[in-house]
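Letter by letter, the sequence shown follows residues 1 to 449 in this note's numbering.
In short, the hints are calculated from the structure, not lab data.
Don't take each hint at face value.
[Claimed, not checked] The list that follows gives simulated cross-link-like pairs (lysine-lysine, BS3-like), each with its CA atoms no further than 30 Å apart: (1) K57 / K347; (2) K343 / K324; (3) K328 / K314; (4) K275 / K343; (5) K327 / K304.
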Amino acid sequence: MKKIINLVLALFLVCSQAANAEVKNMNNLINQDRLVNSFIRYAKIDTGSDPVMAEKKIPSTEKQFDLANLLADELKKLGLEDVSVNEHCVVMAKLPANIDNAPIVALFAHVDTAHDVPTGVVNPQIVDYKGGDIKLANGKVILAEDLKDEIGHKVITTDGTTLLGADDKSGVAEIMEAITVLVENPSIKRPEIKVVFTPDEETGLGLSIFDTKNFEADLAYTVDGGAPFELDTETFNAFNPEITITGKVVHCGYAYGKMINSLELANEFVSKLPKNETPSTTRGREGYYFVDEISGTAEKTTIKMLVRDFDLKKAEERIAFLEKTLKKIEKEHEGCEIVFNPKPVYKNMKEYLNEMPEVITFAEEGIRRSGLTPVRNSVRGGTDGSHLTLEGLLTPNLGAGGINFHSQTEFVSAETMAKCCENVLNILQVWAEKAPEVMPKILKNGRRK
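Could you build the full structure based on these sequences and the hints that come with them?
In structure tokens, the structure reads:
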């Protein structure tokens, strides 16, 4: 009898260890073909946003609803609760926890794509990459240097006429695959998960209509970054200044001493910007000025800019420099009128994330479980996580795997997307495992009262 009992205990131990190994090795549970098929299905839907219309309404383009409604249908089929698409094209759903006293973790990704290059019709293609450049249509080339980590991978590109939309449809697909894996494997411990797909991230205004303060979640992650090992914990402080210069126009034959050409004043202003502080001359933690658009006539000219810096004081000093320069030009050209709108967009989220370090350290643990060494990244841009964090919902950004965002040479590999999905699953499991130690802190100091 004793031998039988020992044999049963031994078998139980082996089975338990095998079950635990299966749960922790999330990579074995991810269906890479399904993940790729989902991404391609989403990428084919034109969801380009419009920064001009975004000033008036969200979503800025009705076509974003095409993907939003599709995602809502897929979430319903997976059995998630409270699935909805609101009038602003925000998709929300809930997967309940399967543990007691669980944190609520939200996963965000955006459905829109950038307006900088053509957004549709997207024709994705899969390349079994062996090395060298990948040549696309219209003379577009994905350089071997950009593909150095993709040898032996299935690389997804466009035909060269549009962007791909890996920013952020790779993130959307990875979240959907992670949720599918959790539904298929109910034995995996999980916190309560809120899935949120949003519009107009590329215009910077998508979350202007999102009620963050009344959104029930303890923390969140956007899946909208680059490499799988990267964890974006810092963003730029961002301003999008707009300048309107109104001159004085008279007949050119009688203009002496009278005409003030607003286009010439715009050129004078641009010439005073530091030449070594542009996007093409800065890197790392260096800030910049960027003249994004100049349009107008001799009578009136509008200049749209981007001003970025990781240090808020330096960003504000940049804005002060622009304002001082414009006032000087206005004074020197009596009779013109210059209106300056600094237009603050978002702030660096780094200091706010320190309020609950676990949002970073637990994510790093999840990334390590995927066999990667996590790297905290200062992203030269912003994410929806910037807005959410400043609104009180701490939201670092996870890698989604895409390369060459906002261009016809954008690409992502199947293997990289699978690794990003694995990160999401591992991070969720870390939050479930560590719930007993972290929940008292969340309930005491967090968003829930």
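Status of each hint after checking the structure:
1. K57 / K347: holds (23 Å)
2. K343 / K324: holds (16 Å)
3. K328 / K314: holds (21 Å)
4. K275 / K343: Holds, at roughly 23 Å.
5. K327 / K304: Answer holds: K327 to K304 is near 17 Å, not above 30 Å.
Violation of the numbered hints given earlier is absent; every hint is satisfied by the structure.
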